[in-house]
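Q: Since each chain comes alone in its own frame, lean on the hints to assemble the complex.
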Amino acid sequence: MHIIVCVKQIPDPEVPPAKFKIDPATKKVVPPPGVPPVISVFDERACELACRLKEKHNAKITVITMGPGKVSDVVKHALAMGGDDGVILQDQAFENSDSFGTAYILSQAIKKIGSYDLILCGRQAADWDTGQVGSILAEILGIPAITIAKDIQPEGDKLRVFRVMEDGYEVVETPIPCLVTVSNEVGLPRLPSGMGIIQAARKQIPVWTAQDIQVDPAKIGPAGAHTEVINLFIPVRETTCEIITADTAAEAAIKLAEKLREIKVI
Amino acid sequence: MYILSAIAVAFVAYAIYKHYKLWHIGKADDRSKNIAKRVWAFIITGLADGLGHRRFLKEPYPGIMHLLIFWGCLVLLLAAAVDATTHYLNIHLEGNIYLWFSFIVDISGILVLIGVFIAIYRRYVQKPDRLNTILDDGIILSLIAVVIITGYIIEGLRIAVTELEIHPEWAVWSPGGYVFAKAFAGLDENSSLILHRWLWWFHAILVDAAIIYVALSYSKLQHIIISPLNAFFRNTGPVGVPAPINIETAETLGVGEIKDFTWKQLLDLDACTNCGRCQDACPAYLSEKPLSPRKLTQDLKAQWLKTSQFKAGDSGGQPPLVGGAVTEDEFWACTTCAACQEACPVFLEHIVKILDLRRNVVMMQSKMPENVQLMLRNMQSRGHPWVGAQSLRLRGDWTTGLELKTLAENSNVDMLLWVGCTGALCDRNVEVTLSLVKVLKAAGIDFGILGEEEPCCGDPARRAGYEIQFQTTAEQNIAMLNGYNVKHILATCPHCYNSFKNEYPQFGGNFKVTHHTELISDLIKQGKLRITKELDLATTYHDPCYLGRYNKIYSAPRDILHAIPGLKLDEMNRSKSKSLCCGGGGIHMWFEQPIGKKINDIRTDDVLDTTAKTVTTSCPYCLQMLEEGILHKQMQEALKAKDVVELLEQVIEQPS
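Those protein sequence lines, which keep their order, are chains Z and S. The first sequence runs 18 to 283 under this note's numbering. The second sequence runs -19 to 636 under this note's numbering.
The set of hints was computed from the structure by calculation and includes no laboratory data. It is possible that some hints are incorrect.
Quick list of in silico lysine-lysine cross-link-like pairs, BS3-like style, CA-CA up to 27 Å [what the hints assert, rightly or not]:
hint, chain 1, residue 1, chain 2, residue 2
1, Z, Lys167, S, Lys347
2, S, Lys347, Z, Lys73
3, S, Lys347, Z, Lys77
4, Z, Lys36, S, Lys385
5, S, Lys385, Z, Lys38
6, S, Lys38, S, Lys558
7, Z, Lys71, S, Lys347
8, S, Lys558, Z, Lys220
Chain S with its partners taken away, still in its complex shape (with noise of 0.2 Å):
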């Protein structure tokens, strides 16, 4: 017993030590940084998530399916523990504390059971498409049942001798047990005594096998030990904000094979459960793009694994990565939407991965797709993504007529309004940029604007993996700001607001940062706008990923729509931190893959599931998204798109 214990314990240490070895063969990355937050984070997420089951529960089937399996086994480990204390201190359970102990143990078997159950009839029956069963998934599932099965057969062996004549009262308190003991009834005792013998050591033997197994191979239930693991060092910052390069001495830039990625990053592979979630949530593979964040991650794990049993001088070379274990279709298809990450059980983080493939592609070996290079080129010659009609419109001409404060004439204002180039430069969206600037100068808002002097903020580079452009720019534009001792800016288009927000820290550039929605929603709480009219209209909300899923604003936008008398929101099934993906994230809004469905199309349908006949966003990426998926369905009669402060605008007062 103490041997097979003993056993198991080497296999886990060496199991641990293997595994710190193949996630070290990644670069550097300092995560031991502000630990007393990291340990706190961890905490919280230890009881909502890992407890309390927060992000299993969303899908109510697997997440019981989980919580069941998770808390059953978690009691009955508590229980053995409780057994070996009370056994060393010689400390006997009795009367109505044993029974109730024994019930709750027994319960907590069949709860095992019955989540086995569920995920067997998942797995092999429905089979889901997110699923992806391997032999091990079979292998894992029948060794729970069996083990616990094989544990009632031996507490039914002991009852049927112990109680069930003497105190048949106690039996029905282990009620798994009771079944067997029943069944065995007949049995003589001495043939119970020899059965349960063997089979106790089968029961013990098969645990410790069990535990061989999973700490030698790549088994999913090392879960266990490694998703509390890669929770406790997840990025406990903004979403999916890359790592800058170091221009003065970067050698490679991206990656471009295993160990150009961070031993977090491959601790992240290591930790997926290939659950599924990411891919059921992901707007690439719901359009049939070659992109699953699942298959991803799962790839990148295998060519991992492969690559740390690669041995120099090997024959056939270093399985390549790019074109081999991933393909560049698959990296160029994310929308960087961080619906995965949001679905993600164990905090995998997917987006910083595929940018730092696409890096490698772009910045060493200058291949992406020919429309990538065309808005790439775009913004190095011109400043700004856009190409065609949009160049005939220059990035000041929108201010005509308005008698706005340009910063070079009076920098003296509370905030600068960035309009950013899509909001400065295609025509549908300068509307948008007009009608907030007769909001803000209904609410009498001190601000000025650069006009021909904004640059781009250079979101869309960092994105393609186009690095270096987008440090050169946000450098620049730093010490433009500060030089016009810029403190407020005031966002419009939630990519801009982003890269300010969350991504030019990173390069010295500390700035308040307020995204229109925010600052509207504060201007009518505080009675700063006058809302004088009504707008008898049904409407429904499309969360924007940049301003939802990575700044968490959900209610600033639909603060302003409850606000506006007569209107009704009726959300979508997918909104909020579930809304799906425009289609325009992660540069698709300038090139598009000819692959299956359009994702804008999709979510148009979501939108015409509701009772809309306008749908409002507040993303200049998202309005043009929206106005074009409703053009395909040639519902552009019935349905409208517009941005929050278009339908604030016709209710509020205009100063005469």
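Just chain Z, same shape as in the assembly (with noise of 0.2 Å):
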């Protein structure tokens, strides 16, 4: 089985958001400084659930991302969780890509590297949170798409997907090749071994620009973007705290409780 796992690198989504500033005449996020950007949390997982079906099913697993700047460390990470290839995606055109934009570049790629069985995204990128790319690269690249998985289990040439519903789960039979989305339910990602690290180290990943995927300059970039971000701004969230005094513990109670109520909460 090959494995295609798309991953993000983005700001450290544990920074609180007062942290951040907007740039207003980007319209961009501008994170502060000393923060070193991570693996988007759900594309760990679904790194997490790919080296899980290369253990037990014997899969080979290629990472791939897009992005400016020193991105090579995300891919890395994946490598060193257990991924076997890399591949890096970077190129001035590719920037300011909306969601579509950004699926038909990793769509290009993934027709470059060839043959595949299975390609892995998180639910939606940590930062963003738009949780689009997925469904849009499969429907470019003609495949079924199942989002928020927990779990995936081979059954002959079919794939058991496990998908998180409200109160529970469903279980969706898919054909191969397929797109699966991943979900937080699938469980910490494992930390890279040390063998792992040192292996991931010693791999050289392959950088590709725009020409190398041949990709139509009309449909990336903010040219070939569907959205556009009218304004951006950090919520201003207020807090304010009563204390609710009364003679005994009961009292208090049925204080608080009558509060809660008046206020609509209960």
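A: As structure tokens, this is what we get:
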């Protein structure tokens, strides 16, 4: 089985929102200095699921990322977890692509890679949370897409995908090749083993440009965007604290309940 | 007689050869460098810890016991050598010289007997927890006692015939033999002679048998040879520094089976006498965790012997090391506090072995407690080990409003103040950092900081066995520090301090490293800080392991406390080199084994046994752990925990 995992490098989502700044001119987020970028948490879980499939069913894992700057770190991280090959898509022309542009660029790279059985993406990127790239990518490639999965089990030449629902999960059977987006219910991703890091460090990761994957310039970047950012702002969150006092705990509880009902929380 | 000696020598030679072969199933470890330093260290240790029993006498009872047996046997051995030499050179000791010689030898034997009886009483009557008595203990104690007593009987028989009648005044110079001489006084000369001869042979064969027994078994008496050898090859560098891994060539990481240990580590196992001093000092054992350094060493030793007897093709496969001879809970329980190594009379190095075991499960199998994994993931993605509330802060936040120079702005400063992750990110520890900055400013120190750019030193990764992360971090940090031309690092955290000072040189990072207590005590001595106020306060000082036992800094923090007028320092029972860990070392700041008691509770009890109203320390981990201990005891009103620098800040004159 050949699994392709798409990963994205994002600013650390654990950093509190107030520490970010917005550049109003470019409508871009400026992460605080000294905060290293990380692999998107859902994508890391996609890697984890790929590694589990590899352990059980002898798969080959190719990790692919697109982004500016030093994105090799996230690919190395995925390779250290258990990936076999990596590909970096980097070109000035790719910048400011929206979900449609990104999915198109990825699809061109995947066509260049050739055959595959399964494509894994995170359910959404933990920075913009749009959750569109996976589905659009499947659409472009003309393969089935199953979103928000927590497990995958091969069944003959089909895959059983366990899809997270609000009140449980549903099991979907799909032919291969197909695309699955992975949710956090997969569980904690593994820490790359020491040997994994050593082996990943020895690997060369090719960088493919727009020319290498023959993209249509009209479909990428701002030109190919289907969406437009009108406004970008950090929401103001206000908290007020009111301490309810009473002589006894029972009285305080009654007063608290009354207050909660008054503000329509219960 | 000569045949007996030859047999004994042959068996001892065979035993040494066998042990040599067994040590070398381990990996290479070059301990031949700097041989002059090693020889010198060995001479000093031989005099102080060998002949002088410095380490043994830290505990008087077992110390004196060993001292009596050791010195008694040594004198008896020397006496035998003198006897033999004088015999071959045809010299006769005569007159008073002989009488004194005889007296000293006799008394030595009595001392050995006293030692043996103390040992028997301790082992079979008192039965302290740390002693794990096996058959060998009984055999060797009996052997020593019987050899000495038969020696006296033989001497007594001779005295009865040769001296008792003719020179009774000589006989009393051999008090041990004299007692038996009196008893045999009625025996006729012929019977005495026969008995003397039989007993003499019995005595000689018994000694020979004892030597053969010790040579062939793995009796602890082998320590007579192996322990000095271990002391000779011991680590003469800083405490608890593991070897780096070679990223280019490594095929296996850490210790997954016995042959992954180095030969010196196997010699260590061989040298352990099962005395249990380490166990008594171990905070993990004291808090009822599943670790005893004594038991771990003995279990590894048993595994080593089992592995060495295992032959390819034996059924059942090689006995497993982790999960068999030792459990993961055992080596995760270690706080790397080095109390065991400080207590060990034969210089065992427990910590690096434990780190090697961690390395294998962490780096080869990705197996570790969940919180350890969380901590390591944070170090990897975020560059520091903290999660939770600390992630609301960023590294540079503490500098707000202080107008400090960052090296990025100006790297032309006398020293770099390295704040460390904890001092930059944890609220309580940031207070200490701010106090330190005030003190440095008051003394007019020219320092810079890295601010947002400051990474983690890497220490938690190394203690967790995730060496690869530590090495990458260390190499990056060294490149950055050299890029800023940093020569002198002022560290507030003893763990950062230890990494820079003792571990970065492994990767080519050579900096002058000072801990803030060292710098401040110097500043006080040089009169650069004006102490103008008094502090009427009873305090005690908790020695951080990585400052004390790891780096022997005991006096600098105390000098600061003594310089504060009105302050009274009341030491805890366990202090300085015997200090008990706060419980936060060896990555236990980030993960807790929910087994037994909490180490910081035990340490807080130590504090409460003093008159102190404030417990001082000089490590961010210790400070957090002590505060938590105080909270558990609900003593937060009566007892505070402070860094030494926080108290000093209260009494110095601040520049206006």
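Q: Decide, hint by hint, whether the structure agrees.
A: How the hints compare with the structure:
Note on Lys167/Z and Lys347/S: the hinted pairing holds, with a Cα-Cα distance of about 22 Å set against a maximum of 27 Å. Taking the CA atoms of Lys347/S and Lys73/Z, the gap is about 18 Å. The hint holds against a cut of 27 Å. Taking the CA atoms of Lys347/S and Lys77/Z, the gap is about 23 Å. The hint holds against a cut of 27 Å. For the hint linking Lys36/Z to Lys385/S, the alpha-carbon distance of about 22 Å falls within 27 Å, and the restraint holds.
Simply put, Lys385/S and Lys38/Z have alpha-carbon atoms about 24 Å apart, close enough for the 27 Å limit, and the pair holds. Between Lys38/S and Lys558/S the alpha-carbon distance is near 10 Å, which keeps this suggested pair within the 27 Å criterion. In summary, the hint linking Lys71/Z to Lys347/S is supported, as the alpha carbons are separated by about 18 Å, within the 27 Å threshold. Using a Cα cut-off of 27 Å, the hinted pair Lys558/S and Lys220/Z is violated, with the two alpha carbons roughly 49 Å apart.
Consistency note: the structure conflicts with earlier hint 8 alone.
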